[in-house]
Amino acid sequence: MTILTFTLIMLLGAFLAGFIGSLSGLGGGIIIIPLLTIILDVDIHYAIGAALVSVIATSSGSAAAYVKEGITNMRLGIFLEIATTIGAVCGALLSTIAPTSFIAVLFGLTLIFSAINSLRKKEEHIVLESSPLAKNLKLQGTYPTHDGQVVSYGTKNVIGGFSMMGIAGMMSGLLGIGSGAFKVIAMDNIMRIPFKVSTTTSNFMMGVTAMASSVIYIQKGYIEPGICMPVVIGVLFGAMAGAKILVRTNPKKLRIFFACLIFVLAVNMVYNGINGKI
Amino acid sequence: MEKSKVMTHEKFGEKSFQTIIGNLLRYGVWISLSVAFIGGIVYLMHHGNDIEDYSVFKENDRNIFEVITAVVNGVISGSGEFLIFFGIILLFLTPVFRVLLSLFSFLIEKDYLYVIITLIVILIIITSISFGFSH
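Protein sequences appear in the order of chains A and B.
Under this note's numbering, the first residue of the first sequence carries the number 1433, and numbering increases by one thereafter.
Under this note's numbering, the first residue of the second sequence carries the number -16, and numbering increases by one thereafter.
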């Protein structure tokens, strides 16, 4: 295949990945990796590098809007970044020594887990009383709703959430993904932060988390400009198109369809990984 | 009276920092992607008909300063590939600037606990750079 053909296919594929990633809530990075490795036979290290670049672009792009609206809890984000950056550095170092088949299998399993997690029903829960540690760290906050009201919320189980964030960061460094599913578990399920705040804060944190592993990726040669350019542009525009549709429709049926599609891709990755084909 | 004045002042500070950080993230992404896009066009004009080979990973062991020197030299010589790389490095720098901005924001608010927390994050990122030298 010539580089021009490859670039055009990538651009289209990355657009679809960003689009599906945004509609399914999984993120574009996690979908671009199977696309590159299974369909276009790109080495998984290059795929991880390109995915990480697209994660930084999409997360910074969407975080910009939420920060301005005051939904993002910046203190919470920066505090948890200690955990995610340490995790990301460990994960990136691990990815340089781990066998390719191990990375492929782990990636497939993470993909299955994220797909199932995206279908789970999300209940809103607001704790008013923060734990003492959360109070010392000033992690409680407020966010504005659509009708102009201000909702206050508290936080609990800081240590549990912090540890889970370390794991989220490690998966991010190891696989080049934003690991939104792990971050949501840490913030929603463990720390009891409202859904709106946890998704936007997780987005806010992704750039810095990815940055911590990107330095190692650059030094090891994971960042291949010829792959990154179409991927990052395609994913970003795909994610923007997806976000526009999300505002207008409730994509419940789409979500189930995409989750099944992703499940098939994931099983394929695990299978190829075990057989040593990736 | 005095107290409320201080509070509105602080609130204004936080709000304007949110706007600055929001703008930084937005323009950071668009500027770096424009650079990468121009690089992509140049790259395709010179190498569009070459045959790609991305199926085998070639591991590098260059430290970040060697990479940056190579990128700067490449951009000067008009290489599309390095122009894309330059755009990607700009993209990576966006969150770094964001962290530095939050550091200033906490300094102005005199929130020293969060000044320290932000410094820890910066330290971890610097440590990650040093891994390029150790092996």
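If you are wondering where the hints come from, they were derived from the structure by calculation, not from laboratory data.
Hints may contain errors.
[As the list claims (entries may be wrong)] Below, computed lysine-lysine pairings styled on DSS-like, alpha-carbon distance capped at 27 Å:
1. B:K(-2) to A:K1588
2. A:K1567 to B:K(-2)
3. A:K1500 to A:K1709
4. B:K(-2) to A:K1709
[Said to hold, decoys possible] Only part of the chain B face toward chain A is listed, based on derived beta-carbon distances under 7 Å:
5. L8
6. V12
7. V25
8. H29
9. H30
10. G31
11. F40
12. G57
13. G61
14. S62
15. L74
16. T77
17. I99
18. L102
19. S113
Every value quoted in this text rests on a predicted model; they were computed, and no experiment measured them.
Where a beta carbon is used, it is the ideal one built from N, C-alpha and C, also for glycine.
How the hints compare with the structure:
1. For the proposed pair K(-2) (chain B) and K1588 (chain A), the alpha carbon gap of about 26 Å is at most 27 Å, so the pair holds.
2. Restraint check for K1567 (chain A) and K(-2) (chain B): the C-alpha separation of about 22 Å stays at or below 27 Å, so the hint holds.
3. At most 27 Å may separate the alpha-carbon atoms for a hinted pair to count; K1500 (chain A) and K1709 (chain A) exceed this at roughly 46 Å.
4. With a C-alpha separation of about 52 Å, the suggested pair K(-2) (chain B) and K1709 (chain A) falls outside the 27 Å cut-off, and the hint is violated.
5. At about 4 Å, the closest approach between the beta carbon of L8 (chain B) and any beta carbon in chain A falls short of 7 Å, and the interface hint on this residue holds.
6. The restraint placing V12 (chain B) at the interface with chain A holds, with a minimum CB-CB distance near 5 Å, inside the 7 Å limit.
7. The restraint placing V25 (chain B) at the interface with chain A is violated, with a minimum CB-CB distance near 11 Å, outside the 7 Å limit.
8. Nearest Cβ of chain A to the Cβ of H29 (chain B): about 10 Å, over the 7 Å cut. The hint is violated.
9. The closest approach between the C-beta of H30 (chain B) and any C-beta of chain A is roughly 5 Å, which is under the 7 Å cut-off, so the hint is satisfied.
10. The closest approach between the C-beta of G31 (chain B) and any C-beta of chain A is roughly 4 Å, which is under the 7 Å cut-off, so the hint is satisfied.
11. Because the closest C-beta pair between F40 (chain B) and chain A is about 4 Å apart, less than 7 Å, the hint holds.
12. Using the Cβ-Cβ criterion of 7 Å, the hint placing G57 (chain B) at the interface with chain A is not satisfied: the shortest such distance is roughly 10 Å.
13. The beta carbon of G61 (chain B) comes no nearer than 14 Å to any beta carbon in chain A, farther than 7 Å, and the hint placing it at the interface is violated.
14. Residue-level restraint check for S62 (chain B) is violated (minimum Cβ-Cβ distance to chain A is 10 Å; threshold 7 Å).
15. For the restraint placing L74 (chain B) at the interface with chain A, the shortest Cβ-Cβ distance is roughly 6 Å, inside the 7 Å limit, so the hint holds.
16. Look at T77 (chain B): its Cβ gets to within about 5 Å of chain A, closer than 7 Å, so that hint holds up.
17. The restraint placing I99 (chain B) at the interface with chain A is violated, with a minimum CB-CB distance near 10 Å, outside the 7 Å limit.
18. Hint on L102 (chain B) is violated. Least Cβ distance to chain A is approximately 10 Å, over the 7 Å limit.
19. Interface restraint check for S113 (chain B): the shortest CB-CB distance to chain A comes to about 9 Å, outside 7 Å, so the restraint is violated.
Of the numbered hints listed earlier, those contradicted by the structure are 3, 4, 7, 8, 12, 13, 14, 17, 18 and 19.
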